[in-house]
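Trainee: Listed below are the residues making up each chain.
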Amino acid sequence: MKTYIILPAYCEGKVIKEVIASIKKEGYKNIIVVDDGSSDNTYEEAKSTGVITISHPINRGKGAATQTGIDAAKLLNADVIVTMDSDGQHDPKDIKKLVKPIIDQKADVVIGSRMINNKDMPQSRILMNKIANIVTYIFFGIMVSDSQSGLRAYSKKAYNSVYTYMDRYEFESEMLGQIKDANLRIKEVPIKVIYTDYSKSKYKHMSKFSPQGLTNGIKMVVRLIENSLIK
Amino acid sequence: MVIQIVVTLGVLVLVIPSIYSSYKKKSMTPFGAFLWILFWIAGLILIWFPHLIDVIGSGLGVGRSIDAFVYIGIVYLLYVSLNQKIKLNEIKREITLLNRKLALRDVEEEKK
Numbered sequence: 001m002k003t004y005i006i007l008p009a010y011c012e013g014k015v016i017k018e019v020i021a022s023i024k025k026e027g028y029k030n031i032i033v034v035d036d037g038s039s040d041n042t043y044e045e046a047k048s049t050g051v052i053t054i055s056h057p058i059n060r061g062k063g064a065a066t067q068t069g070i071d072a073a074k075l076l077n078a079d080v081i082v083t084m085d086s087d088g089q090h091d092p093k094d095i096k097k098l099v100k101p102i103i104d105q106k107a108d109v110v111i112g113s114r115m116i117n118n119k120d121m122p123q124s125r126i127l128m129n130k131i132a133n134i135v136t137y138i139f140f141g142i143m144v145s146d147s148q149s150g151l152r153a154y155s156k157k158a159y160n161s162v163y164t165y166m167d168r169y170e171f172e173s174e175m176l177g178q179i180k181d182a183n184l185r186i187k188e189v190p191i192k193v194i195y196t197d198y199s200k201s202k203y204k205h206m207s208k209f210s211p212q213g214l215t216n217g218i219k220m221v222v223r224l225i226e227n228s229l230i231k
Numbered sequence: 001m002v003i004q005i006v007v008t009l010g011v012l013v014l015v016i017p018s019i020y021s022s023y024k025k026k027s028m029t030p031f032g033a034f035l036w037i038l039f040w041i042a043g044l045i046l047i048w049f050p051h052l053i054d055v056i057g058s059g060l061g062v063g064r065s066i067d068a069f070v071y072i073g074i075v076y077l078l079y080v081s082l083n084q085k086i087k088l089n090e091i092k093r094e095i096t097l098l099n100r101k102l103a104l105r106d107v108e109e110e111k112k
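Chains as they are written, first to last, in full-length UniProt numbering: chain L, 1 to 231; chain F, 1 to 112.
Next comes chain F alone, as it looks inside the complex (with noise of 0.2 Å):
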């Protein structure tokens, strides 16, 4: 019970501002945020009735139901990790192509 107490005041305290402050400083989209609450939401209701675990998991076929939760979090991961490195490799690109631009720019005012 005490562990449960602090997850959820941790959630309320620290967590939930926190998106909300994401969401003011327009860091995160509405849809975003929306997402996120949503999120730690279902963790808290699962956190209080931990018996929703196994209901989750025989319906997803695993035999421990953890196991479930596990292998989701190995793809999310996976998945996010990806899709950074194809961002940051974007946003790398960019900046080469803006410094070429600068650099550049003398080169074609000399030419005119």
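Bound conformation, chain L alone (with noise of 0.2 Å):
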């Protein structure tokens, strides 16, 4: 079975190479990473590494780079695709756990929740999941434990199903929405949240009720309600 690994990157120079050889040395070889009109030296990085490299002439968002990766899979025939957060947050050991229920044929997607054992996650982050998840549901009607997960496994009839439209971080409801209308057999496993001082730092605004965490929350439900009504 071909298994695709797509990493959507921008401004990830200082860590793509790690985290592309923490993937090979589990055994996936198959890596597309979709540079998303970074202005450092992203582009670069990956491509050195030998790995499939595509680029955005300019930025569009994760949605939107994820979906370019998608469709470089699909173009190469993949059996299973992966998608992951390229600034090293996940841990590569689960890809094997997202991947078996498909191989197994026991499900079309797999999602790597963080919320299934949450005890390292701050309980502000904990509960800004929840939120999202209920506002996935309200738009989307599908539930599950952590929708805004970068970590997925597609199945070939679950990729061929799908196609967002969404630019950024809200496209992971709305792909949701999408596996929900199609009818698509859901799996949620456990994943590890690596917090490596790179991440945190990263992801500073987030950690805690920020006025900019809150701010790039309102946006994401002003672009859902949006998109909701002009399509």
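One thing to keep in mind: the hints can contain errors.
Among chain F residues calculated to face chain L with C-beta under 10 Å, some are [claimed, not checked]:
1) K25
2) K26
3) D54
4) S58
5) I91
6) K92
7) R93
8) I95
9) T96
10) R100
11) L102
12) A103
13) D106
14) V107
15) E108
Since the hints were derived computationally from the structure, they do not count as laboratory data.
Idealized CB from N, CA, C, for every residue including glycine.
Make the complex out of the two chains shown on their own, each in a separate frame, by following the hints.
Mentor: This is the structure we're talking about:
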């Protein structure tokens, strides 16, 4: 089975090489990095590792980059697609757990949930994820434990049934809505989140109730409302 | 009288040439330019003959005739704003699809 790992990356030049190396170490050689118009050396760093590296000329957001990665894997006739964050917060050891239910034909989509074993997660982050789950349920009618998780696996049937149009973070919710509409079998597995100094500094504003974190949340809800009104 | 002269001069010296220049630069269709000129001429007529506002207002069944213009203005602005939003969304989507097409070129060539 050909498994493709997709890494949508925006300005991750400092860590992308390390992330790719850690995935390769787990035995996954088919890696697609989608550089989303980074202003740093993300593209060059990823390309130097020998993995498939493609690039958006203009930054369009994580949702757009992930869909581009899915399209690339589709062109390469992948059997399973795994999407993963490129900042190193996901543990490549978890990929196996996500792919297994698809190989065993027990699920079409597997979501890596940070909320099943969330004892290391800050309380404020847990609350924000729960709010995001409720918002996803309101707009798309599907309830999962971690609607914003970027670590997901899709079978061929699943990736051929979905196509997201939302460019930013809200695409994770849009994708869940399409999974529900296509009657795909969904499974959630617990995953580990690695809080490195790098990811902590990157998401510093989201680790507590800061005005910026709140603004981002509100922006996401506004975009979901806009998209539900204007196609 | 002074304000009527100032507004008329403003429209004739600034607005109409600006519409004409947009039309020449092809950023406005001939029909669009015609509508805008018509709109401003209608505005000038109302400034010079304000009693016409009352005639229009009573025709529309609005007590205070100026209210009719406010209502129409709000509806028009909402319509314009919605249209702009739809257009903007279309442009954003097209940019994303173009970006994607460019990004996937290498993969397609590799596949060949």
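Trainee: Kindly indicate which numbered hints from before are broken by the structure, ordering the numbers from low to high.
Mentor: Hints 1, 2, 3, 4, 5 contradicted; others consistent.
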